[in-house]
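So the sequences go chain by chain: A and B. Under the numbering used here, the residue at position 351 of the first sequence is numbered 351, and the numbers go up by one with no gaps. Under the numbering used here, the residue at position 366 of the second sequence is numbered 366, and the numbers go up by one with no gaps.
Each statement offered as a hint is correct.
Below, in silico cross-link-like pairs of lysine-lysine (BS3-like), each with a Cα-Cα straight-line distance of 27 Å or less:
#, chain 1, residue 1, chain 2, residue 2
1, A, Lys428, A, Lys450
2, A, Lys364, B, Lys130
3, B, Lys324, A, Lys41
4, A, Lys130, B, Lys364
5, B, Lys130, A, Lys324
6, B, Lys41, A, Lys324
7, B, Lys324, A, Lys130
Rather than coming from a laboratory, the hints here were simulated on the basis of the structure.
2 protein chains.
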Amino acid sequence: MMTPNWILQRASLTPDRIAISWEEQQWTFREMAERSMDIAKKMRGTGLQEGNRVALLTTGGPETVFLIHGGLLAGFELVMLNSRLTAAELAYQIEDSEAVAVFTDDSLLDRAPDSTPVSRLLCGKAEDFKPAELWHEDRTLTIMYTSGTTGFPKGVRQTAGNHLSSAAASAFNMGLQDGDVWLCAMPLFHISGFSILSRSLIYGMTVRLQSKFDAEASAREIAEGSVTTMSAVSAQLVRVLDILEGRKLRADGRFRQILAGGGPVPSPYIRRAEALGIQILQTYGMTETSSQTATLAAEDALRKTGSSGKPLFFNRIRIEGAEKPGDEGEILISGPHVTPGYVGRFSDSPAQVDGWLHTGDIGKLDDEGFLYVLDRRSDLIISGGENIYPAEIEQVLVGHPDVAEAGVAGVEDKHWGHVPAAFVVVRKAIAAEELEAFCRERLAPYKVPKYYRFVEELPRNASNKLLRRELRAAFEIEK
Amino acid sequence: MMTPNWILQRASLTPDRIAISWEEQQWTFREMAERSMDIAKKMRGTGLQEGNRVALLTTGGPETVFLIHGGLLAGFELVMLNSRLTAAELAYQIEDSEAVAVFTDDSLLDRAPDSTPVSRLLCGKAEDFKPAELWHEDRTLTIMYTSGTTGFPKGVRQTAGNHLSSAAASAFNMGLQDGDVWLCAMPLFHISGFSILSRSLIYGMTVRLQSKFDAEASAREIAEGSVTTMSAVSAQLVRVLDILEGRKLRADGRFRQILAGGGPVPSPYIRRAEALGIQILQTYGMTETSSQTATLAAEDALRKTGSSGKPLFFNRIRIEGAEKPGDEGEILISGPHVTPGYVGRFSDSPAQVDGWLHTGDIGKLDDEGFLYVLDRRSDLIISGGENIYPAEIEQVLVGHPDVAEAGVAGVEDKHWGHVPAAFVVVRKAIAAEELEAFCRERLAPYKVPKYYRFVEELPRNASNKLLRRELRAAFEIEK
Chain A
1 MMTPNWILQR ASLTPDRIAI SWEEQQWTFR EMAERSMDIA KKMRGTGLQE GNRVALLTTG
61 GPETVFLIHG GLLAGFELVM LNSRLTAAEL AYQIEDSEAV AVFTDDSLLD RAPDSTPVSR
121 LLCGKAEDFK PAELWHEDRT LTIMYTSGTT GFPKGVRQTA GNHLSSAAAS AFNMGLQDGD
181 VWLCAMPLFH ISGFSILSRS LIYGMTVRLQ SKFDAEASAR EIAEGSVTTM SAVSAQLVRV
241 LDILEGRKLR ADGRFRQILA GGGPVPSPYI RRAEALGIQI LQTYGMTETS SQTATLAAED
301 ALRKTGSSGK PLFFNRIRIE GAEKPGDEGE ILISGPHVTP GYVGRFSDSP AQVDGWLHTG
361 DIGKLDDEGF LYVLDRRSDL IISGGENIYP AEIEQVLVGH PDVAEAGVAG VEDKHWGHVP
421 AAFVVVRKAI AAEELEAFCR ERLAPYKVPK YYRFVEELPR NASNKLLRRE LRAAFEIEK
Chain B
1 MMTPNWILQR ASLTPDRIAI SWEEQQWTFR EMAERSMDIA KKMRGTGLQE GNRVALLTTG
61 GPETVFLIHG GLLAGFELVM LNSRLTAAEL AYQIEDSEAV AVFTDDSLLD RAPDSTPVSR
121 LLCGKAEDFK PAELWHEDRT LTIMYTSGTT GFPKGVRQTA GNHLSSAAAS AFNMGLQDGD
181 VWLCAMPLFH ISGFSILSRS LIYGMTVRLQ SKFDAEASAR EIAEGSVTTM SAVSAQLVRV
241 LDILEGRKLR ADGRFRQILA GGGPVPSPYI RRAEALGIQI LQTYGMTETS SQTATLAAED
301 ALRKTGSSGK PLFFNRIRIE GAEKPGDEGE ILISGPHVTP GYVGRFSDSP AQVDGWLHTG
361 DIGKLDDEGF LYVLDRRSDL IISGGENIYP AEIEQVLVGH PDVAEAGVAG VEDKHWGHVP
421 AAFVVVRKAI AAEELEAFCR ERLAPYKVPK YYRFVEELPR NASNKLLRRE LRAAFEIEK
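Between the sequences and the hints, there should be enough to build the whole structure, so can you do that?
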């Protein structure tokens, strides 16, 4: 299936509607398309061609939106780099994805590796070109890295069809009204943020943008009704609730719902939100499913506490090996929102087996078909909304000459939800501070373990697979 | 792209939501799926297989919905017969489509031709089978006949992808809210009615069904707010407005909009509707585009009187040969909602040329991209919401031994909007009553010309093409 170029089509259909609002400024869909087209011409002025793969390293805010849309208009595949990564992590993703250029803000210039041509836009000359009128559903729009279980981050391809079916199914589930404004405080290089931009283009909906999450501003806008929907993780949600309660404010009647991802929302939060007039829609999704794959309706939030709801309209979910409701197993996902595959070193690993994505997450479906996610990728740590994969940290730890074995698990943290804790078997005595410094050189700050435990051996199962759940349990007991 | 079987998926996602409400009865999505599955088993019990093409001849109402969904679950391609057609017209469509069976209500049994196996459902034995879990977007769900300009009706294939992209684009344009109820007073064998059933399954939306259009009931439900959206043609719309005004009623705040098809809505109607709190969304579509292709936003209804608005999100419209805004020409349409082609005698005629459907309609785009339809298929007559193709009636008239030539054009009618008028060149004198009786035997009642004019010659252009516009003009002058 082909769709018209989303950016140009939207600018043609509703040119005067507000696309992006940020601080005191706003841009209509026509203005956004014009700004993005200017950038696209400068991008093409560097000699790059349609179909090239380029990386974006950005700080967030409206300029990032224009840069992303510029890249899409230029016809590129966009490798979305997380600006919180270290130079070494960025270098891996740029090299693995074979991106031929990196476009970046001046403020991030020193982070981009020397080995890749780095283009800052303003110095480029512009090339006049005609952007594609149609986008094929199989066209890769974005590539986002996710770590998986191997320790080597995998570049996930997200096609136009992936993003489109995700946006459509989301609208069928959450509804869509004239005047909807989605508050985006999520990073735009994440699927949680990027999917808001897709929906904006496809629905003709305004995005209220925060360069980074601002709990005060979010609470104020919810109370004023200047936004109608918001995406948040639990840790952000609770900060917004605290502020509203503290100021004795409620959500304005125009505000409808918070789409809450990144793990189940505790039921006390849901009750507090309801008391403030806020519906909480809990959702389960991942980079490989271009955002939501299942979402729990607000009306079921308390009846089905801990559930991520039912699949969205196009999607199917099953539990591997389950024979009856309640049986636990790996969560398998099928639908047009599932990535067709990876790039780089994992380009030969199939993303789907017989049409099903094997998520690595463990879950169950109850007798009404509601999904409960019991363990994300067995071991995924979600810390302040960022995904942290233990295997990646373990890989760094065992790179230290004095470390024999390492296991990492997420442990609860008041501020971040969860943080990584390291369990290490050493060859000779070593200080936790030294390990921490070692990690800090090689990992983004949020991935650096907060706790270090020195142990005799790591818990493993019969087939020698590390049992990270037991690490977690041991940590809790010890505390 | 594959989608989950819409009927089963919807029953699984929102089993307890109301799918169909009719008179005092209602059915949830689960109940509807169960009823439809029972019918599907009886259909398969006749020996028919998945992929067979069968025709449905029905009277409307909930049983028709279950029959349609039963046919879809059974895996058939459904030829949707218009129950207002004569036995001869039905026979043509059944034969041309090569339908292997006709499923019908008892009340219509005498209308089905003898030559085709006719199955009444209640006498059949049931066969247990497992319906397809997935529907491919290329699967033909429905075949609807449209007459085109040749006099031979053409069977238009409408795929799952056609209906799906139409429903999605409609939601992006019209919005979608919890508690939406779409009032369906359109025949279910027409795309105007069937598309409401598709949207219901895809959105999880309730349909309030009328077996046939009931202006009194429609006005009452709009005033009570028991429905939120309605599809109507101008002739229906004005009757609803008359009743509301006569009773000094207004639309309830929950009622949002009337989607008005079948030709432009005169601006006085739009003003009257606005005064009653009703938004009018004027739309342009056809059987070949599985419902709407362009829709005029309510906010532009008066500013752009006479326009059908802008394309829906997935669609593109251009005017053949137009070099600048305002140039008139044939309307060409492109998008995933456009039929891949015809069945039967037209199966070799391409529906699209280089991805564009040539509608035969004449129109223009203004400088903001709003579509104005100037002439539908040059000559299409829309009478009480039914499409009437002059060529089909002319074909019948020239079949009379005393008729040498015939031309048919639509003329204004207070009750029906337009009715066909016949212009005939005869070989020897003949009474209008005889011609009318001749037509009545061969055409559905609504297609029988209301006026007969005997003329010396028909207006034709240089290439001898009949100029039906001049017939129309002559009739108006003569009146």
